[in-house]
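Student: Spelled out, the chains give:
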Amino acid sequence: MSVILQAEKLCRYYRRGSETVKALQELDLTLHKGQIISIVGRSGSGKTTLLNQVGCLDTPTSGRLIIAGTDVTALKEKELEHFRRNHIGFIFQLFYLIPTINVLENVELPLVFARRHNRQKVLEVLELVGLAGKEKLLPKQLSGGDMQRVAIARALINNPKILLADEPTGRLEKEEKAPIMDLFQQLTKEGLAIIIATHDLAQARYGERILELKDGRIIAEHSPETIVRLRG
Amino acid sequence: MGVWFGLAIKNLLRRPTRSILTILGVTIAIAVLYSLLQFQVNYEKGLKKELGALGAHVMVVPKGCPYEAATIVLHGGKWPRYMDEAVLEKVKSVPGIAQTAGIIMDAILDFEKNENRIFMGIDEDYPKIRGNWHVQGSWFTGAKDEIILGENVAKLEGLKVGDTYYLKEKDCSFKVIGILAATHSQDDGFYFLHRKTLQKVFDLPEKLVVILVKLADIEQADKVVAKIRTMDGNLNVFPLSELLSTVGNLVQSTNIFVLAIVFIAIAISAVGVLNTILMAVYERTKEIGMMKAVGASRSDIFKLIWLETLVVCTTGGLFGVGLALAFAKVIESFVRSALPYASRSEALIGLSLSDSLACVLFSVVLGLIAGWYPACHAASVKPMEAIRTE
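So the sequences go chain by chain: H and W. Numbered according to the numbering used here, the first sequence spans residues 15 to 246. Numbered according to the numbering used here, the second sequence spans residues 938 to 1327.
In case anyone wonders, no lab produced these hints; they're calculated from the structure. Careful, some of the hints might be misleading.
Stated by the list, open to error - Computed list of lysine to aspartate or glutamate pairs in DMTMM-like fashion (alpha-carbon distance at most 25 Å, straight line):
| no. | chain 1 | residue 1 | chain 2 | residue 2 |
| --- | --- | --- | --- | --- |
| 1 | W | 1027 | W | 1169 |
| 2 | H | 92 | W | 1224 |
| 3 | W | 1319 | H | 149 |
| 4 | W | 1223 | H | 235 |
| 5 | W | 1319 | H | 119 |
| 6 | W | 1223 | H | 93 |
| 7 | W | 1319 | H | 93 |
| 8 | W | 947 | W | 1224 |
| 9 | W | 1223 | H | 160 |
| 10 | H | 154 | W | 1220 |
| 11 | W | 1164 | W | 1179 |
| 12 | W | 1029 | W | 1061 |
| 13 | H | 90 | W | 1237 |
| 14 | H | 47 | H | 235 |
Could you put together the complete structure from these sequences and hints?
Tutor: Rendered as structure tokens:
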């Protein structure tokens, strides 16, 4: 499998008063096409900071980040905007669907920003995530699981190479979690690479690799089998 | 653009009460602005029209406030300042005068019924000055019991030529010898007696209230006015163009003051718009972060928020013009009761495409200004805010 993301000695420091917070410290990471990596760790361990970095939402203090062959640390803000639009998909714990527009319009939003209107594509993606027939519903008419499916469809609409999911099942009912994780696994078959940040070890086991973060460093790598034992 | 517009409207509908109240603020401010713009134009137009219809170039009145005298001449009423009829002959003798008309006027006021009957004493010179006078029936023959009624008065009293009009307050009966065809001026609401008759009935022997003067050559107005002034020191002599300009200046000064207040109201409404949109931006910080994360550029977010402000202000502008037109009669009656010289033949607030357009354009500019800061603030939201705030 070819490498889609390569992070080398990635650091992100920031100031909090007189103190320097080391949110990420010399982190190395390789992600292949079609692979799921789960990032686990306590609050403040650096999971979100890592997602910000690989999602091109923030620039590192030092280190290199290569995504799809491009060194994104060398890109300017405008170029990053364009790069992010075409290579990265985001899924958030709180979904962030726009409440006043329907499912179809929510999914279409990234295409509006990209000036690429393609209604057929929207319908295809909705079918892929299992929302065919619910296009005209408003977010408030959906279950939590379906809302996250809308968010996934929105993330997929621009054909990203990498999907970043921050606590994707954090707000879902127990029975809604597994179908979402199954959907992630299904998407990897198309070559999509996924990074999932979670503190839920049951969900983390869907990752091919499970990286444990503490104080901005990877302190351990677990396999799905070992993580099941850790839970037990 | 349609998608953006739809999104902006739907965003505003999230908090309908707040959006409606903000639009209402702009609506009221623009309604006042439109009314004022219309008033400025139509007030002067009406005044010019009425003075033009008067047919005279110069007014001669007894000493006193000339503007009050002008009101009496234009709108009728009771003004206890008189000059001797002999002055009329002196004025007639001044070279350069084409026509004169001496007028005596009185009014009978009934405060209980809120009635104001205005009696004007004229002679055959008056229609020569007015020009547009057509009497149905006949002119005064010299009898002392003849009356000509303005068109509105005839309708109000239910009288026609040949009927008798009884003036209870003076215990006098008059034969209606003529009804004035509609002039669309104040004359339509007057009771006309021969000057000599009115002087007798109202006990004002050989008295006049005003002398209207029509010049042979308007360019000679200054000379004629100067001549009449030197002739009798107890007279106020003023050309109507001067009156028009003085009243115009007076109204202009008032308008500047009122306009300043209107602009304060508009500034307050602009701050209201800014506050509403800024609150909406603060509430949607995470959502804006999400939009940027899924591909929105800074200019996309700026455009969206700016569009929301424009929708609020433009809607307020359109409703404001509508509100001003809807309440035009109410505003007019208030203005008329408070201001002298307000013409009754000309609507003070009417539909004007140019003023409507100016007000709507102004509200658009207001939106562009008020929306600038919230739009800049929203555009500067960092996309990682969407994740960080969880």
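Student: Next, verify each hint and record whether it holds.
Tutor: Against the structure, the hints:
1. 1027/W - 1169/W: holds (9 Å)
2. 92/H - 1224/W: Holds, because 20 Å separates the two Cα atoms, which is no more than 25 Å.
3. 1319/W - 149/H: violated (30 Å)
4. 1223/W - 235/H: violated (32 Å)
5. 1319/W - 119/H: The given pair, whose Cα atoms are some 23 Å apart, holds under the 25 Å limit.
6. 1223/W - 93/H: holds (22 Å)
7. 1319/W - 93/H: Holds: residue 1319/W and residue 93/H sit about 15 Å apart, inside 25 Å.
8. 947/W - 1224/W: holds (14 Å)
9. 1223/W - 160/H: holds (20 Å)
10. 154/H - 1220/W: The hint holds at about 18 Å.
11. 1164/W - 1179/W: At roughly 17 Å apart (the allowed maximum being 25 Å), residue 1179/W and residue 1164/W satisfy the hint.
12. 1029/W - 1061/W: At roughly 15 Å apart (the allowed maximum being 25 Å), residue 1061/W and residue 1029/W satisfy the hint.
13. 90/H - 1237/W: holds (18 Å)
14. 47/H - 235/H: Given pair residue 47/H, residue 235/H holds - Cα atoms ~19 Å apart, limit 25 Å.
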